[in-house]
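The listed protein sequences correspond, in order, to chains A and B. Quick note: the first sequence uses our numbering, first residue 1, plus one each step. Quick note: the second sequence uses our numbering, first residue 1, plus one each step.
These are calculated hints, taken from the structure and not from any lab test. For glycine and all other residues, C-beta sits at the position ideal for the given N, C-alpha and C.
Straight-line Cα separation of at most 25 Å, DSS-like style, residue types lysine-lysine; simulated pairs: (1) Lys-70(A) x Lys-38(A); (2) Lys-11(B) x Lys-57(B); (3) Lys-11(B) x Lys-38(A); (4) Lys-57(B) x Lys-3(A).
Derived list of chain A stretches under chain B, where covered just means 3 residues or more per stretch with a C-beta under 8 Å from a C-beta of chain B: (5) 37-45; (6) 91-104; (7) 108-116.
DEER-style ranges, computed between Cβ atoms: (8) Asn-51(B) x Ile-49(A): 25 to 31 Å; (9) Ser-74(A) x Leu-39(B): 23 to 29 Å; (10) Asn-116(A) x Gly-16(B): 41 to 47 Å; (11) Ile-12(B) x Val-46(A): 25 to 31 Å; (12) Ile-26(B) x Gln-2(A): 23 to 29 Å; (13) Gln-41(B) x Thr-100(A): 23 to 29 Å; (14) Ser-74(A) x Gly-16(B): 42 to 48 Å; (15) Thr-100(A) x His-10(B): 28 to 34 Å; (16) Gln-41(B) x Asn-116(A): 22 to 28 Å.
Next come the chains, spelled out residue by residue.
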Amino acid sequence: AQKVTQAQTEISVVEKEDVTLDCVYETRDTTYYLFWYKQPPSGELVFLIRRNSFDEQNEISGRYSWNFQKSTSSFNFTITASQVVDSAVYFCALSELLETSGSRLTFGEGTQLTVNP
Amino acid sequence: DTGVSQDPRHKITKRGQNVTFRCDPISEHNRLYWYRQTLGQGPEFLTYFQNEAQLEKSRLLSDRFSAERPKGSFSTLEIQRTEQGDSAMYLCASGEGNEQFFGPGTRLTVL
Chain A
1 AQKVTQAQTE ISVVEKEDVT LDCVYETRDT TYYLFWYKQP PSGELVFLIR
51 RNSFDEQNEI SGRYSWNFQK STSSFNFTIT ASQVVDSAVY FCALSELLET
101 SGSRLTFGEG TQLTVNP
Chain B
1 DTGVSQDPRH KITKRGQNVT FRCDPISEHN RLYWYRQTLG QGPEFLTYFQ
51 NEAQLEKSRL LSDRFSAERP KGSFSTLEIQ RTEQGDSAMY LCASGEGNEQ
101 FFGPGTRLTV L
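Looking at chain A on its own, in the form it has when it is part of the complex (with noise of 0.2 Å):
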């Protein structure tokens, strides 16, 4: 069964603080994405990156960045020069690719940030 582990319930920083969400997953497929989304208090969910596992390069954009790391398992994303509008819940989230095709997501529960003036 697949798993996704985000272990940071919440975060509070202060603004123009780094902050680094952590993302630890499980899965027994070689082949996978992995996914982080925002949810901002609107609720819709907005959809950030995808990685293909077997893509290692990290990526980013702007003042965020991504960190997959396959040998542990994990899919790291920090903001740099945080901002009050990043207050909001992040979920990691991993693909399971079906066999009628298309895929299911596994979400994780969700890191609270909260960025504070």
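We have chain A; now place chain B onto it with these hints.
Leaving out everything else, chain B in the frame of chain A:
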């Protein structure tokens, strides 16, 4: 706006009533997913459509739940004889390949 839309955004109902939610996916997406999210938890997969065919159903989807996508475009999720435990956010997503883009969700409260 060409994102995923859901209607209604909020629904309050009494226990035992039936409710139906609608999801309009991004128009070119042939895959459509339903998830349920309870307070403080991550979303959980309910069911998946490829065009009009319902190809996967979670064990979470009891016989009181039914989903349809009759013309391969919009989808409906119906809950019959609602229970208080059905109170949750119901999220719809659409995509092609392995990406899934989510709608704003329908928040259901069962009194």
